[in-house]
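Enquirer: We have chain W; now place chains F, B and C onto it with these hints.
Protein chains: 4
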Amino acid sequence: MIKVAVNGYGTIGKRVADAVSSQKDMEIIGVSKTKPSAEALVAVQRGYPLYIADMSKKDSFEKAGIPVAGSIEDMLKKADIVVDGTPGGVGAANKTFYEKAGVKAIWQGGEKHEIAEFSFNAHANYRDAIGRQFVRVVSCNTTGLCRVIKAMDDAFGVMKVRAVMVRRGADPHVIKKGPIDAIVLDPPTIPSHHGPDVNTVLPHIDIVTMAMIVPATQMHMHAITIELKKEGSRDEVLAVMQKHNRIGLIKPETTIRSSAELKEYVMDIGRPRADLWENGIFEASVNMVGKELFLFQAIHQEADVVVENIDAIRAMMGEVSDPETSIRMTNEAMQFTAL
Amino acid sequence: MIKVAVNGYGTIGKRVADAVSSQKDMEIIGVSKTKPSAEALVAVQRGYPLYIADMSKKDSFEKAGIPVAGSIEDMLKKADIVVDGTPGGVGAANKTFYEKAGVKAIWQGGEKHEIAEFSFNAHANYRDAIGRQFVRVVSCNTTGLCRVIKAMDDAFGVMKVRAVMVRRGADPHVIKKGPIDAIVLDPPTIPSHHGPDVNTVLPHIDIVTMAMIVPATQMHMHAITIELKKEGSRDEVLAVMQKHNRIGLIKPETTIRSSAELKEYVMDIGRPRADLWENGIFEASVNMVGKELFLFQAIHQEADVVVENIDAIRAMMGEVSDPETSIRMTNEAMQFTAL
Amino acid sequence: MIKVAVNGYGTIGKRVADAVSSQKDMEIIGVSKTKPSAEALVAVQRGYPLYIADMSKKDSFEKAGIPVAGSIEDMLKKADIVVDGTPGGVGAANKTFYEKAGVKAIWQGGEKHEIAEFSFNAHANYRDAIGRQFVRVVSCNTTGLCRVIKAMDDAFGVMKVRAVMVRRGADPHVIKKGPIDAIVLDPPTIPSHHGPDVNTVLPHIDIVTMAMIVPATQMHMHAITIELKKEGSRDEVLAVMQKHNRIGLIKPETTIRSSAELKEYVMDIGRPRADLWENGIFEASVNMVGKELFLFQAIHQEADVVVENIDAIRAMMGEVSDPETSIRMTNEAMQFTAL
Amino acid sequence: MIKVAVNGYGTIGKRVADAVSSQKDMEIIGVSKTKPSAEALVAVQRGYPLYIADMSKKDSFEKAGIPVAGSIEDMLKKADIVVDGTPGGVGAANKTFYEKAGVKAIWQGGEKHEIAEFSFNAHANYRDAIGRQFVRVVSCNTTGLCRVIKAMDDAFGVMKVRAVMVRRGADPHVIKKGPIDAIVLDPPTIPSHHGPDVNTVLPHIDIVTMAMIVPATQMHMHAITIELKKEGSRDEVLAVMQKHNRIGLIKPETTIRSSAELKEYVMDIGRPRADLWENGIFEASVNMVGKELFLFQAIHQEADVVVENIDAIRAMMGEVSDPETSIRMTNEAMQFTAL
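Residue numbers (the working numbering), protein chains in the order written: chain W, 1469 to 1807; chain F, 1469 to 1807; chain B, 1469 to 1807; chain C, 1469 to 1807.
Isolated chain W (complex conformation):
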C-alpha cells in the first residue's frame, strides 16, 4: 500500500484524498488544514487523520471538535508521497520541507514547471515520471488541452492548435472572488501562458492560446481549432474520442449545451461531488473544415486533475510501468460511469 499524505485539504486536496482512498494500492495516512473550517470537519467525518501546520492552533481546532493528529512534519514521516494541494504559489515554499523529509512530492499546476522540472499528464508522459521524486501535475486547463491534442496527434498528427479558454471566475464555494458582471481578458496580452504550459508536456506542438475569465463557477469552456496533418473525417475523429478513456463525449440526445446542464447531468448520474474527471467534448460541436478540426470542450476545474494525481503517484512509486494499466486502475476504482 502506497502511503499518501495530502498537504492542503481544499478543493483539489479533498478530492485527491477520496480518490486515493478508492484505490486498492494506496491509502491516505493524513491530510492537513491551517484553520478550523467546514472542510476540516469533513476530514474528520471521513476518518482522515488531521495534521496542522501551526501547533499553537491545536486548541482552536479541538474547541471546534476537530482532533489534531500532529504537525505536518509528523504527517510527512508517515508518508511515502505527499500531494501538495496548497493554494497556487504557496506550494513552492514547501519544497525544502519535502526535501528535508525525504518524501516524494506532487505539486499542482498553480506552481511553475521549475518546481519539479517535470510536468505530468498521464496519457502524454507517464513513463517519464517513473521513479521521480518530484512531479508537477499541470493545471486543469492544460490537462484538458494535453489530452485532446495528444489524442489527435497520435491519430492524425497535429500541425497547429489555436484555442480560446473561457474560464470560470471562481470555484462554486468561493465568495470573495469575481467578476460579477464582466468579461475579463486574463491575461490582456496574447498568447496566454496555457500554450507554453502545454509545451512543458508536449514540447513539439505549435500552439497559441487566448484566455478570458467570466462570471461563472461551474466549468471552463474551451473553443479549440486543431489543424491536422493527415486529413481525418468527422467520424474518424469521433471514433478516437469515443475510445479515449479520459474523454467523455456529450451526446446530442442529452440536449446539453452548457456548463450548467453538464454539471447537473454529472450530478444526476451519481458521480461523487458531481465531478467530471474527463474532458467533456460536445459531440454536436465537433466539425472538420478541410484539415481543421473545431470543437468545444468543458473542463471541470475541480476534477480533471484529480485522476492525473493518482496516476502520477503510481508512476513515481514505480509500481506500475504501463500508463494504460494505471489509467484503467484509476478509472475503475472511481467507477467512471459513461456520460
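Be aware that one or more of the hints could be misleading.
Intra- or inter-copy, both count: the list cannot distinguish identical chains.
Said to hold, decoys possible - List of simulated lysine-lysine pairs, DSS-like, C-alpha gap at most 25 Å:
1. K1759 - K1563
2. K1719 - K1525
3. K1628 - K1644
4. K1563 - K1525
5. K1546 - K1698
6. K1531 - K1719
7. K1644 - K1563
8. K1759 - K1628
9. K1531 - K1711
10. K1644 - K1719
11. K1546 - K1711
12. K1719 - K1645
13. K1503 - K1711
14. K1531 - K1471
15. K1628 - K1526
16. K1503 - K1525
17. K1759 - K1711
18. K1719 - K1503
19. K1526 - K1719
20. K1503 - K1531
21. K1628 - K1697
22. K1545 - K1471
23. K1697 - K1759
Source of the hints: derived by calculation from the structure; they are not laboratory data. None of these values were measured; they are calculated from a predicted model.
Expert: For chains F, B and C alone, kept in the frame of chain W given last:
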C-alpha cells in the same frame, strides 16, 4: 408497498423518485417525461420505467436510446398515488386526468391552494392529510417558513412574523432565466404571496413577507423576525432548533456564511445531489432583542419539499397516523447526516 | 431634412432616435411603443411624438401621462424612412406594412438577410446601398467583425478568419433572461451563424466562427485570429487601426482589461448612455505570430450599430454618395471623443 | 469660491469633483491618484490638476501622458477643504496629514465615526456641522436609511425600524470582487453595523438591521419596516415622500421593479453617469399595515453620498446656515430631473 408514480421527472420529480425508492414502504412504478433529454436518460439509468404524454413521440425517445413503457394513462393505472412534478401552473390541467384515473395526487407549491383545497406541511398538519385524495405540498419558501414558525409557536407562541425572502433567480441547470445583474422586486408590491401561503397551513399567524430575486442559483435566503408571545432566551430558542428534525443548525465553527459555502459543505458530507432537506439556520445569526427573534435561514429550493412529499404520501395512504413516526421514517431512510 | 421614424423605441431604437436628432441633415418625426413604460415616458421627455400600434391602448398611455400622436400608419405617412427597432423576428412582419406605406425601411441584424436582400456595413458597402428601398444593418457582432476584417483586408489582404465570440447574456436592463451561472454554447454546433452573416457583407472572406453566451451584460468580447496575405508588422497593423474612424484602440496605460472597466471609462469620458460606437480593440492584445494576427475586441451590443443606421439612412436617401463623408458627418455630429 | 481638493479620484471622488464643479460657490483645485489609470486620464480630460502621493512615480504618470501638478502636500496647501475619497480604512491614516496642513476634511462612511467624531446627513444634522474641521459623511446605505427615517420621524414619529439591506457585491467596474453565485450574509450575525451607524446621526431611533451581499453591481436594495407613532395613511406617507427633495418616487407607470431597470431609466433621462442621488422608493411597494409602514428602496451606492458631501462642504465652511437652502443649491446646480 405504496405504488408511486412521478408525473414530471424534473428538478423536484427526480428527487422525489429517489426519495421514494429509498423508503421501505414505497416504490416507484413509473416516471414521465415529455421530451428526450439528459433527465430521461438518467431515469433509464436509475431503472425507472419511463412513460410519455404524447405517444407520437415514442420514436424520438427510442432513437435516443430511451425505452418507453407506455402512456401516462398506462402509468396512472399502475399507481396508488401520483406526485405531480410538472412546472408551476401546468399541474392544474392534470387534475381531471387524475380524477378520471381515480388516483390520489400530490401537487407542488407552484399550484394554487384551491387545486387540492388542502396545503400540507408535515410538522404543521400531517394528521389533517390522512386519507385525502388530493394534497398540495407548499412551496420551498413556504415550507421553510412554516417549519420555523410552527416550532417557535409551539415553544413560545408567535405574536407576529416579518420576513424578507431573497430568492435565487433560477435553478443551477437552468440557462435561460435571469436576472444576470439585477436585484428584482418580486412582487414589486408588499406583501408578497408567501405570507398568505403560510396562512393556508398556519391560518392564525400574523405574517407579512417581502420578496426579491437575485442572480444566484444555489439557495434562497430568508431574513426573519419573529415576535414571540413568551420571552425566550437565545439558548432556549437554539435548543428548540437543535431538537427539531427538519431544522439544521449551521455551526459557527464551520465558518459558513453563504449559500455557496453551505452547498459545498452539504456536498462534502455526502448528501445525494448535495441536497439540504432541512432549513439551514445560521446559528451565529440567531439573536433575541426583547421578545423579537432574528435569524437567517437558507432554503434549498430543490430539496426541502422532497421529504414533505414523502410524508404527504404516507398520510394520504393512511398507513402511518403519527406525524413524528412518518417524519422519522422518511429521514432515516434518506440517511439524514447531521450538519 | 430627412424625416426619420423609429418603429420600436427600445434599446436600439432610442439610441438611433437620439443619433438622428444630433445630425444636421435629419430629424425624428415620430417613434413608436406598444405599451406605456419608462421608455415611453423618456420619449415624451425628449420631445419625440409617440405613436402606438394598437389605438385601443390610447387610454392606458394617456392615463400614464403619455400623449399619443397617432397610429403607426399615421407616423409612416410623415416619414421618408423608418428604422425598425422591433425585437428580432418581429420586424419581418412589418415589411408589407412599409411596402404599403411606400416608405424606405431599415431593419436590424435580428432579421434575416432575405428581408431586405441587402446587408449593410458603412465601411464595406455603403455605395451599394445608395437609393435602395430596403436595407438590413447587420448585427452588433457582425458589424464588429466586418469593420476589422475589412480594414485588414484593405491593408494586407485576408487569407482566413477564425473568431470566438463570447457574448453577453442580456442587455443591462433585461431582468428575465439569463444565464446566471453558466457558459452556454450558442449555438452548440460549429460554425455559428456569424461567419455566414459576415459573408452577406464581405462574400469572399474565409471565416469560421464559434459562439458562447456568458452571464454578463455590458459588452461582447471577440477573440480573433486573422491570417494575413501580406506580412504586416504589429506596428503597421496598429497604425491601420489607429487611423480607422470606427475602431477605438484601448491604450495599455488605461490598464483596462475587461468589458466592465471599458464601460466605466466610456461613461467617464462623457459619452451619452456610456455608448461605445467603435470596435474597442485592446492594444496590448494585438500580436503577430508569423502572418497570423491575434487580437481581443469589445463590442458594445447596444451601440455599434447605431452609427451604421445613420449612414444607411444617408446612403438610402441618396444625399451623400461618398462613404467616408457620411461616416465623418455621423461621427462629428455625435462628438466621438477619442478613447 | 470654496477651494476643494479631492484626495482619491475614484468611484466617489470623481463624482464629488464633478458635483463641486457644477456648484456656483465652489471649485476643484486638484485631485489625486496613486497610479496612472483610466481615471487619471479622465481627470486630465476634465481639466482637474492631478497631484500624486509618491513623487517618485511622476515619470510613470508622465509617460502615460498624464501631467503631474505636484504632491498631495502641494494640493492641500491650495485647498480650504479636502474630500477624502480613498478606499475604506485608508482615509484614517490621512488624518494627521490633514491636521498638519490645517485643512478641513471630509471622510466617507468606510471610515469609523471616531475619525471625525461627527457623522453627517444633510436633512438630519446639517446645522451641527457648521464650522467643524472634520466631518464624516455616512455610507450610502446609512444615508439612504437616515433620509427616509428622518422624514417619517418628522411627519409621524418613529417607534422602531427593522430593515434588511440586500447589497451589491461590487461596483460595476470592479472585476476582482465577488460573489459570483452566492448570497452572502454580511455580517453573518444580527444586527449588522448599519443600525448603530444610523444612530450616529439619529441617536434616538430604535433600529435593527440585517445585511446580505448578492452578485449584482448596480444598486443596493432595502426592504424596510417602520412602525410609526402616529397612524398615517398610505396617501399621507406618499405625500411626505413626494415633497422630499432627496427622495425619488418611482412611479408604477414606469413598470420599473428592479435595480437594473431603474439604472437604465436614470441613464435615459440624462443623468451624468446614470447617477441616482436620491433614495429610489418604489411607490407600488409602499404599504401601511396598521401603524407599520413597509417599503422597498433602491440606493445607488456610487451616487447618493455625493450630494451629501457638497452640503457638508457648505456647512463646514459656514457659508450657508440653513440646510434646506444648501440642499436646494446643491440639487439645482446638478439639475436634478424628476424621476
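Enquirer: At most 25 Å between C-alpha atoms: does K1531 with K1711 qualify within a copy, between copies, both, or neither?
Expert: between (51 Å within a copy, 22 Å between copies)
Enquirer: Please work out whether the CA atoms of K1697 and K1759 approach to 25 Å or closer within one copy, between two copies, in both situations, or in neither?
Expert: Both. Shortest intra-copy (7 Å) and inter-copy (19 Å) distances satisfy the 25 Å Cα cut-off.
Enquirer: Classify it for me, K1759 with K1711: is the Cα-Cα distance of at most 25 Å met within a copy, between copies, both or neither?
Expert: Classified as within: same-chain Cα gap 21 Å, cross-chain 36 Å, threshold 25 Å.
Enquirer: First find the shortest C-alpha distance between K1719 and K1525 inside one copy, then the shortest across copies, and answer within, between, both or neither for a cut-off of 25 Å.
Expert: between (50 Å within a copy, 19 Å between copies)
Enquirer: Within a copy, between copies, both or neither: which one fits K1503 and K1525 at a CA-CA cutoff of 25 Å?
Expert: Within one copy only: 8 Å inside, 39 Å across.
Enquirer: With 25 Å as the alpha-carbon cut-off, assign the pair K1644 and K1563 to within, between, both or neither.
Expert: Answer is neither: 29 Å inside a copy and 30 Å across each miss the 25 Å cutoff.
Enquirer: Please sort K1719 with K1645 into within, between, both or neither, judging by C-alpha distance up to 25 Å.
Expert: Intra 33 Å, inter 24 Å, cutoff 25 Å: inter-copy only.
Enquirer: How would you label the pair K1628, K1526 (within, between, both, or neither) given a Cα cut-off of 25 Å?
Expert: Answer is neither: 53 Å inside a copy and 45 Å across each miss the 25 Å cutoff.
Enquirer: Can you tell me if K1503 and K1531 fall within 25 Å by alpha carbon in one copy, between copies, both or neither?
Expert: within (12 Å within a copy, 45 Å between copies)
Enquirer: If the cut is 25 Å between Cα atoms, do K1546 and K1698 qualify within a copy, between copies, both or neither?
Expert: neither (51 Å within a copy, 57 Å between copies)
Enquirer: Reference check for the pair K1563 and K1525, CA-CA at most 25 Å: within, between, both, or neither?
Expert: Within. Shortest intra-copy distance 23 Å satisfies the 25 Å Cα cut-off; inter-copy 37 Å does not.
Enquirer: Given a CA cutoff of 25 Å, do K1526 and K1719 count as a within-copy pair, a between-copy pair, both, or neither?
Expert: Between copies only: 19 Å across, 50 Å inside.
In this structure, the earlier hints numbered 1, 3, 5, 7, 11, 13, 14, 15 are contradicted, and the remaining ones agree with it.
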